[in-house]
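Colleague: So the chains spell out like this:
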Amino acid sequence: MIFLYAFLVGGAICVIGQLLMDVFKLTPAHVVASFVVLGALFDAFGIYDWLINFAGAGATVPITSFGHSLLHGAMAEGHEHGYLGIAIGIFKLTSAGITSAILFGFLVALFFKPKG
Amino acid sequence: MLNDPKNYSENIKPFQPRIPYAANCVRAFLSGGLICLAGQFMETFYIHFFHFTKQSAGNPTVATLILLAALMTGIGVYDKIARFAGAGSIVPVTGFANSITSAALEHKSEGIVLGIATNLFSLAGEVIVFGVVSAAVLGIIRLFIEQFF
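Line by line, the protein sequences are chains H and S.
Using my numbering, you'd call the opening residue of the first sequence number 1 and step up by one each time.
Using my numbering, you'd call the opening residue of the second sequence number 1 and step up by one each time.
Don't read these hints as lab results, they were simulated from the structure.
Do not rely on the hints blindly, as some may be mistaken.
What the hints assert, rightly or not - One-sided excerpt, in silico: chain H residues whose CB lies under 8 Å from chain S:
1. Gly17
2. Leu26
3. Ala29
4. Ala76
Ideal placement from N, C-alpha and C gives every residue a C-beta, glycine not left out.
Please put together the full structure from these sequences, using the hints given.
Modeller: Printed below as a string of structure tokens:
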């Protein structure tokens, strides 16, 4: 069942992005930026964890999950070390994504030729 | 009337291509949904064989998707998918990998240091800036509120 929910929720988030681009004439950069902020906002109210439990990858694959895991890591350390913990923990959960993006982006750019 | 600066956005309307709203939405839904479905298969795989939990399985999944998207950008397939998928290829984390890789590829001719490394985040940097700023602000607010309750 989680496979169906992942498909539906992930698709629905992308439709919202498409509508923002078509109807409100936002550029892709603006859409992605607002989705990251929305993900952090949803996590601040505890909605995003519920969505991950419900839809699995449908909630973790869209870029909204980046904002969610930034705030999540910040709060986990923040509860231990106070306000300083926010700076310590903010990249804790997104580290895998950012590391792989830099590493693979660099390697691909090194070994492939630009197309078109 | 066309040169009237006040009604410019009204006047150019007949000259703009019509946007197929419904078709764009269906494409975004299908392609975005399929990417998330593929992610769900990976997540299930990581949970069963590498003992991740439901909350932590997103990390290796995102890393795998980023690897695949970077490779597809390198061989030029991702651009073709993006032309069909619209937001369905931008909103998932694969779009983040695509913007990093394509920015680096585009500036490859300027060298490894000044081209690739400097431009790696020229498109995707906004994601990290807005993410960190909003998460830091919201985190401070939440910690402040939690002190009193």
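Colleague: Next, verify each hint and record whether it holds.
Modeller: Against the structure, the hints come out as follows:
1. Gly17: holds, 4 Å
2. Leu26: violated, 10 Å
3. Ala29: holds, 6 Å
4. Ala76: violated, 10 Å
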